[in-house]
Amino acid sequence: MSKGDKAFGITVTFVIMFLFWILLSGLFDAFHLIAGAICCGIVTLISHDLLVRGKDRKFIVKSLRLFRYIPWEFWQIVLANIDVAYRVLHPKMPIDPLIIEFETPLRSDFSLVTLANSITLTPGTITISVDPEKGTFRVHAIAKEPADALLVDQTMQRKVAEIFFVEPSGTDQPAKS
Amino acid sequence: MVLVNGMVTLFLAAGLFFTLVGSIGLLRFPDFYTRLHATGKCDTLGAGLIIVGLIIYHFFGYSKGVLVPARLAFLVFFIFIANPVATHAIMKAADETGLKPWKVGEERK
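Just so you know, the sequences run in chain order A and B.
Counted from 1, the first sequence has number 114 at position 27 by our numbering; the numbering is strictly sequential.
Counted from 1, the second sequence has number 115 at position 80 by our numbering; the numbering is strictly sequential.
Treat the hints as calculated values from the structure; they're not laboratory data.
Keep in mind that the hints are not guaranteed to be accurate.
Cut-off 30 Å, straight-line C-alpha distance, at most; resulting in silico cross-link-like pairs (BS3-like, lysine-lysine) [stated by the list, open to error]:
hint: 1; chain 1: A; residue 1: 221; chain 2: A; residue 2: 246
hint: 2; chain 1: B; residue 1: 127; chain 2: A; residue 2: 246
hint: 3; chain 1: A; residue 1: 179; chain 2: B; residue 2: 138
hint: 4; chain 1: A; residue 1: 93; chain 2: A; residue 2: 149
hint: 5; chain 1: B; residue 1: 138; chain 2: B; residue 2: 127
hint: 6; chain 1: A; residue 1: 221; chain 2: B; residue 2: 127
hint: 7; chain 1: B; residue 1: 135; chain 2: A; residue 2: 149
hint: 8; chain 1: A; residue 1: 221; chain 2: A; residue 2: 231
hint: 9; chain 1: B; residue 1: 135; chain 2: A; residue 2: 221
hint: 10; chain 1: A; residue 1: 231; chain 2: A; residue 2: 246
hint: 11; chain 1: A; residue 1: 179; chain 2: B; residue 2: 127
hint: 12; chain 1: A; residue 1: 179; chain 2: B; residue 2: 135
hint: 13; chain 1: A; residue 1: 246; chain 2: A; residue 2: 149
hint: 14; chain 1: A; residue 1: 93; chain 2: B; residue 2: 138
hint: 15; chain 1: B; residue 1: 138; chain 2: A; residue 2: 231
hint: 16; chain 1: A; residue 1: 149; chain 2: A; residue 2: 221
hint: 17; chain 1: B; residue 1: 135; chain 2: A; residue 2: 231
hint: 18; chain 1: A; residue 1: 221; chain 2: A; residue 2: 93
hint: 19; chain 1: A; residue 1: 149; chain 2: B; residue 2: 138
hint: 20; chain 1: A; residue 1: 179; chain 2: A; residue 2: 246
Short derived list, chain B residues pointing at chain A, Cβ under 8 Å [stated by the list, open to error]:
hint: 21; residue: 71
hint: 22; residue: 73
hint: 23; residue: 137
All residues carry an ideal CB built from backbone N, CA and C; glycine is no exception.
Produce the entire structure from the sequences given, and follow the hints as far as they go.
See the structure below:
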């Protein structure tokens, strides 16, 4: 990790921490701001490498792309809930659980977590386990259609891969559609 | 004011509906994994909608302050991150202890 990367990580962590402090305290007098700055400084020194790994200079770009992905994801969550509500309230309970496995081109921690959480929140599927080295996902699906959405359509994998697209030096590759 | 109250009621009712459906699913579904489907998703959106209702109420009706709605918005944000992670963790623990998923036609467990 070079020195510049470390400084970048520390700055980003500190700014986020401090904004969060202001939000939670809601007080703008000198005492609270200085106390906040000291506390954020200590936390940043201890844990700056948790939030931003030194290498990843594209952190901000990726975060911005993530914000573009969130509205779509939110719509999927609403669909997921309507789907579950339908299956729960239907007198015959149309469920047919199965476990599926598939591979993704994603490798970095952040992208795997995003995809795993997205799978859990979207209609009829929950991530069971992730193999970070091969990018393999094991997913429990409640019926056949949601499983097909992941295996055949792969819309979600493509969207997540788009966010975390990194040029040759990186390990994340865009999915082939 | 009527409009604000209407919207707040709508959000709270939708949130309560999904939370209720989650609870019914917890009771009706046949095994551990499928029950997690009901709770993991419905609780997330249910809690989210209820808090959105509270944000609207606080911002337009109650005090018009910005700080409390902003804090509530962060609450929604953290619920939407923490809930799927917790669901996944429980699922993984069950899978690693060797619990077999339910298949169609079996007895409910």
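Structure-based check of all given hints:
1. For the hint linking residue 221(A) to residue 246(A), the alpha-carbon distance of about 19 Å falls within 30 Å, and the restraint holds.
2. For the hint pairing residue 127(B) with residue 246(A), the CA-to-CA distance comes to about 25 Å; that is within 30 Å, so the pair holds.
3. The hinted pair formed by residue 179(A) and residue 138(B) meets the criterion: a straight-line CA distance of about 15 Å does not exceed 30 Å.
4. Only pairs whose Cα atoms come within 30 Å are accepted, and residue 93(A) paired with residue 149(A) is accepted, the gap being roughly 18 Å.
5. At roughly 18 Å between alpha-carbon atoms, residue 138(B) and residue 127(B) fall within 30 Å of each other, so this suggested pair holds.
6. Straight-line distance between C-alpha atoms of residue 221(A) and residue 127(B) comes to about 18 Å, which keeps the hinted pair within the 30 Å bound.
7. Distance hint between residue 135(B) and residue 149(A) is unfulfilled; the C-alpha atoms sit about 38 Å from each other, more than 30 Å.
8. A threshold of 30 Å between alpha carbons decides the hint, and for residue 221(A) with residue 231(A) the separation of about 25 Å falls inside it, so the pair holds.
9. As the CA atoms of residue 135(B) and residue 221(A) are separated by approximately 24 Å, the hinted pair is consistent with the 30 Å bound.
10. Taking the CA atoms of residue 231(A) and residue 246(A), the gap is about 22 Å. The hint holds against a cut of 30 Å.
11. Between residue 179(A) and residue 127(B) the alpha-carbon distance is near 28 Å, which keeps this suggested pair within the 30 Å criterion.
12. Distance hint between residue 179(A) and residue 135(B) is fulfilled; the C-alpha atoms sit about 22 Å from each other, no more than 30 Å.
13. The suggested pairing of residue 246(A) with residue 149(A) holds, with an alpha-carbon distance near 12 Å, which does not exceed 30 Å.
14. Restraint check: the Cα-Cα separation between residue 93(A) and residue 138(B) comes to about 51 Å, which exceeds 30 Å; the hinted pair is violated.
15. Pair hint residue 138(B) plus residue 231(A) holds up; C-alpha atoms about 12 Å apart against a cutoff of 30 Å.
16. Annotation: proposed proximity of residue 149(A) to residue 221(A) holds, straight-line Cα distance about 22 Å (limit 30 Å).
17. For the given pair, residue 135(B) sits about 18 Å from residue 231(A) by alpha-carbon distance, which is consistent with the 30 Å threshold.
18. Pair hint residue 221(A) plus residue 93(A) holds up; C-alpha atoms about 28 Å apart against a cutoff of 30 Å.
19. For the hint pairing residue 149(A) with residue 138(B), the CA-to-CA distance comes to about 40 Å; that exceeds 30 Å, so the pair is violated.
20. Restraint check: the Cα-Cα separation between residue 179(A) and residue 246(A) comes to about 34 Å, which exceeds 30 Å; the hinted pair is violated.
21. Restraint check, residue 71(B) versus chain A: the minimum CB separation of about 6 Å is within 8 Å; hint holds.
22. The beta carbon of residue 73(B) comes within 6 Å of a beta carbon in chain A, closer than 8 Å, and the hint placing it at the interface holds.
23. A least Cβ separation of about 6 Å between residue 137(B) and chain A falls short of the 8 Å threshold, and the interface hint therefore holds.
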